[in-house]
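To convert, count from 1 in the sequence shown and add 9; that's our numbering.
The reader is advised that the hints may include incorrect statements.
[Claimed, not checked] Between beta-carbon pairs, the in silico distance windows are:
hint, residue 1, residue 2, range
1, LYS319, LYS170, 43 to 53 Å
2, ARG267, GLU305, 22 to 32 Å
3, ASP131, SER222, 27 to 37 Å
[What the hints assert, rightly or not] Listed below are the simulated DSS-like cross-link pairs for lysine-lysine, each with C-alpha atoms no more than 25 Å apart in a straight line:
hint, residue 1, residue 2
4, LYS209, LYS170
5, LYS163, LYS209
6, LYS124, LYS170
7, LYS220, LYS170
8, LYS159, LYS124
9, LYS319, LYS302
It is worth saying that the hints were derived from the structure and are not from the lab. Quick caveat, the model's predicted, so the values are computed rather than measured. C-beta atoms are modelled at their ideal positions from N, C-alpha and C, and glycine is treated no differently.
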Amino acid sequence: MSQADPHPCSVATDAANRRNPAQSAASKQSEAASQSAEPEQQAGVTEFILTGFDSCNLKNWDAKVLASLLGGRPTNLDDTVAVDVGDGLVERGPVVLSDGSVYSGQWRGRERHGKGQHFAIDGTRYFGSFAANVYEGTGEIVYINGDKFKGIFKGGLRNGKGVMLYSNGDMFDGNWLDGMRHGYGVERFSDGSVYMGTFKCDKRDGKGELKLSNGVVYEGTFDIDVTGQGRMVWPNGESYVGEFKGGFKHNYGMTAYRHGPIQSEKGTYSMGRMDGLFERVMSDGRVLRCVYKNGELVKDVTGSREAEEKMQSCPLPGVSRGGLVLVDETSDRKNARGSR
């Protein structure tokens, strides 16, 4: 190797460690090591990640909405005509409630009960089932911002299966608890990106798969964002199996390349940058071991017995860590919003 040639451990280091603090964490993580990657394939992940709420307290928020939506007591009930529909229910025409909203539908005594329609003073409209004056059972609600929800209500809140169609073209189809996305669900974005997985307290939480419209696929665990054990595949064939934090490669993991002088490399990352001992397998069969600090090559320790033993003691990413089982880096498999 001539003096003009770069050290093999430095090959593709710049590409592997390109990190612009001005970019989103997702944009940084999705940059490909291959120089042939198309710019549009290098868009990010976290722009599709919701901040959500800090705790499971959306029920309190929805209670305030209910106060305005459900209208209070009837003001002209006795002035309307009651038509018996059976089961102790009567149908009445428009009844003005004490907050100025209007209800038309079935009553049991002086309570809204059965099928009905409620038009809130802020423009929100509900069509569906009532029980003891609150939304209960199957219903559909249209919010003033254009969002629409159709599904199951309990105690006036979204509970059970339901679909939310957002005015911007996004959609969520899945389970709800006390007004929040909770359990398994699928969210589809207007640009074609899709998340399939679990939610907790209106946030992505647990196992899931995120497929971005630019071809990037992440399969693994979420804690609001891409955090925990997972596998990410880029359109140019690059893949990473290991740990993530905030959308970045973080802690131990392995990156495999489909093109270029590097076949694979495994080691420790720190928020996307190579940071520690790495073992790099070159396309020509050579195995190199080098130490990096903050993305920069510090030392070549290829001949070190200690370095070799240390790398051999490291578990292969994707075998089984933290309760998550993923395919290894040689697989070609490419498997992987919000309440208002």
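Quick rundown of the hints versus the structure:
Judged by the Cβ atoms, the range 43 to 53 Å given for LYS319 and LYS170 holds: they are separated by roughly 50 Å. At about 25 Å, the beta-carbon gap between ARG267 and GLU305 stays in the expected band of 22 to 32 Å. About 34 Å separates the C-beta atoms of ASP131 and SER222, a value consistent with the hinted range of 27 to 37 Å. For a cut-off of 25 Å, the pair hint linking LYS209 to LYS170 stands: about 15 Å separates their Cα positions.
Proximity of LYS163 to LYS209 is assessed by CA-CA distance (about 18 Å); at most 25 Å being required, the pair is judged to hold. Distance restraint check for LYS124 and LYS170: the Cα-Cα separation of roughly 19 Å lies within the 25 Å cut-off, and the hinted pair is therefore satisfied. Between LYS220 and LYS170 the alpha-carbon distance is near 23 Å, which keeps this suggested pair within the 25 Å criterion. Note on LYS159 and LYS124: the hinted pairing holds, with a Cα-Cα distance of about 15 Å set against a maximum of 25 Å.
A C-alpha spacing of about 17 Å is found between LYS319 and LYS302, which places the hinted pair at or below 25 Å, so the restraint holds.
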